[in-house]
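So the protein sequences, as listed, match chains F and R. Read in my numbering, the first sequence has 87 at position 87, and its numbers run on one by one without any break. To convert, count from 1 in the second sequence and add 1000; that's my numbering.
Since the hints were derived computationally from the structure, they do not count as laboratory data. Check each hint, because a few of them may be wrong.
Claimed, not checked - Straight-line Cα separation of at most 20 Å, DMTMM-like style, residue types lysine to aspartate or glutamate; simulated pairs: (1) F:K369 - F:D336; (2) R:K1053 - F:D397; (3) R:K1053 - F:D336; (4) R:K1053 - F:D312; (5) F:K441 - F:D397; (6) F:K717 - F:D514; (7) F:K689 - F:E673; (8) F:K217 - F:E179; (9) F:K217 - F:D188.
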Amino acid sequence: MKLLEREPYIAELETTLAQVVAGEGRIVFVSGEAGIGKTSLIEAFTGRHSASLPVHWGACDSLFTPRPFGPLHDMAAQLHKDLPELLASDSQNTEIFTIVLGALQQQTAIVVFEDVHWADEATLDLLRFLGRRIMRIPILLLLTYRDDELSPQHPLRRVLGDLVTSPSAQRILLKPLSEDGVRALVNDRPINVFDLHAKTGGNPFFITEILANPISKIPLNVRDAILARTARLSPSAEAVLQAAAVIGMRIESWLLAEVTGAEAHFLEECMAAGILQSQGDALSFRHELTHQAFLDTLSPQRLLVLHRLVLDSLRSDPVTRQDMSRLAHHAEAAGDRASVLEFAPIAAQQASAASAHRAAASLYALALKYAETLPLSDHANLLEAYAWESNLIDRQDETIASRRKAIELWCAVANPIKEGENLAYLTMALLTHGEGNEAQKCCRAAIQILEKHPPGKELALAYRNQALLESINRNLSEAAFLAEKAVALAEQFGDARILAMAYDTLGSNWLSTDFDRGSEYLKRCLDIAQKAGLEARVATVYANLGSVACDLYRFETAEFYLSEGITYCAERDLDLVRFYLLSCQAMTYMYLGRWREVVEAANEIIAHPAISVHNRLPALVALGRLRARQGETEAFDLLMRALEIASVSDHFENIAPVRAALAEEAWLEGNCERALSEVRVLYNLAVSKKHPWLAGEAAFWLWKCGGQPEQFDWMAKPFTLQIAGQWQAAADEWERLSCPYEQARALADGDAQAQLLALKMFERLGAHLPADALREGLQNTRTKKIPRKPRSSTRENPFGLTERQVEILSLLVKGLSNTKISNHLHISPKTTDHHVSAILEKMNLHSREEAAALARTHPFFSEK
Amino acid sequence: MQRYLVERTFNLEGDPGVPGPDDSLQKHLDFAENNSLNGVTWVQSYISLDNRKSFCIYDAPSPEAIRSASSRNGLPVDRITEVSVLTTIVQFPLDKDFAGVLRTGHKNSE
């Protein structure tokens, strides 16, 4: 059937495909309500190219726990000969990702993932992995989903948020048919077109279902329209349809034949009626809506029987008996408890191995529904596995409940080691859930039980937890003592995970008071965690080292750990931590005087929709301070946004840096009163917390605004030295810390020669506000050889170009081709093209040569 | 006429839903009539010890005929499978051409 009103979409896809054929991969999200024609559109489009290009097609299932990599199974054999076997084994996801990536890089192709609103997490991870690298894969990746089925917490939303901002991604939202479209479908049938359009909302599937039957009156809903097709079917054909509906959206012919026995040949009647269709070597319903409508007509008794027949056939086939998710699903629907307990836990393990923790948790939950009949220890083991998965998907309420139940059961079978171990894990869940007191009690109980028995890894974990609790309560030496006990036990019993945890606690405990000692322990933790593949632990240790080094003004060290961590996380798509690291990196760059990089890192963070507000904080503060020094008015807005975010949690560590930044911004503006109001509270708090750097900075701003703050010997030296008038010593300290701006700020307090040096440093950094103030002061004292104030045209780039565009323009000036620029900046030629056209547009010029010529004569570029 | 095995699963009370010794003659006759209207002849039935499942042998012109008759009689149908009688012929001394299992259709065996 010809598609109506879909030509513009086809044309859009054709344009995109042309870009793909030219070598740059693209991703297209096709969305719309059920029945709007997503699949029809893609079938029509791929039909035009299937002779010349490979088309890989996979569909997601509406099963309650879809199996990991569901749609990938459909295309696996076509992609790579080893892939089906890899998928069947418990391979690491990264291994599968790499094979898929390698296969897709071989040749231009169209790859379709249908109905990704039902995708399992492993598939979503794969899509994110491919989406990130799409520019370098010569494929057109088409993803369809029902946009009206995405709840705010839907896991697909995160993937969408991640990928839609990419320049290689586009969205097609399918619109309903217009009244004219409906009229064309109705043709000369005696139907009121206006009425039909209104009742169906222009949904093409609904309309075709209605038109497929002789009409007396328009059915009220799509289900009635679908079921009208079956009114004329023979009872045996109906029986076949029922069996097919229970099998699922995709129906293996052999399976349907086994379940329907002597009536199997009535399949032809179902196909002639346009309800089932063949799809490769299998069958499928005409539409998922058709499938659902039939499934809903089955009586509970008939459902039970059919699911049992399907289950029997599936488990006797060597291929299908490996799909544990599917077996568990049918076993549950067949009311077959024993089979649920046989298949669901294995399916859960497989899902967990594929990092599909949400699916794993629901499969364990399913098994637990029937676990009361199991021996108590088997039941307890299931509860532990469920608690583990629930923790990974951050369902701490479930984790806590199942740990408590497991403790009860282990107690009943008199297994104190297991009881203690579960108490230890319960401690951690309670702590994450914000129940500190309960956690404390629970931890003590664990130690009490475990200490009565020969020590093992369980006791190591319990000691480590107690260490963590002591560390939180700032009992640092007690915490260190316990953490060392935990390290010794974990080492003795060879448990890498608990050993890494113990070193993490030990190191983090020391970090703020003795950074070098703490970082030694954390480096050991990194080493152990990396060897054991404990990726999340590695990432958080990098974040810890980087952010604490940054808080302690050890910016070179911070930069080292932050970039290492960013690379580590980027290679593994560990986004949450990566964004936090990037945010801290913006802060580090700000102090190190690498201001251009601050802007780039901060803008990436601030513009990204999926980054949590907490992770934005350091980037906002860094950019805010920098804009204040540049004399940009947006500084205040940025810092107010930061303050808003920081105020939510009311943590000193969050709010204090924002207040300090606001004080600097106010002082630079010449508003001492506001600076004082920002800094007074900060000073008292920082002094009470004995925070050397924040107290030092607070004292510094109080002093700058004419106050005489009390100083302590534990306060950060560079600040107190400057307050004491020792500007040279302060400047030397700042130089040692690699903080050029702060160094110049100290020099600005010095003699004329020092001030001239400070002026040069400010100008080089682009700190216009303090530079102007300093120049004015020098002129008043009639100092000679004051550097001329640069014309504003050399300070601010004249055409509103971004930093990246300035960089590209300066390469154009050097006569580099777009290809060379792309290679130089490690960006795609297409992105370079984009930038060059944007530059030309902003400069109002027509050619790159003109742009280069103008830039050569312009002071902004000539002084670069 | 073909021979069929019909699998049935009964509701949770385990009531096979067929007329028993306590039912009226009329009910027995109605049951037989609904079968014969569709050309279906009941041969024999086996029932699981919990009365939940039955395995019934019928002679019928088509599986559809069995489905209609069952529907008229209010009997559930899980699956209908066409079957034939399994005949084992063993010759002594064992001749490899004739040994083993020979399958003959129900029709042929009549």
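Structure-based check of all given hints:
no. : hint             : result
1   : F:K369 - F:D336  : holds, 12 Å
2   : R:K1053 - F:D397 : violated, 43 Å
3   : R:K1053 - F:D336 : holds, 15 Å
4   : R:K1053 - F:D312 : holds, 15 Å
5   : F:K441 - F:D397  : holds, 18 Å
6   : F:K717 - F:D514  : holds, 17 Å
7   : F:K689 - F:E673  : violated, 25 Å
8   : F:K217 - F:E179  : holds, 19 Å
9   : F:K217 - F:D188  : holds, 16 Å
Hint violations for this structure: numbers 2 and 7, all remaining hints satisfied.
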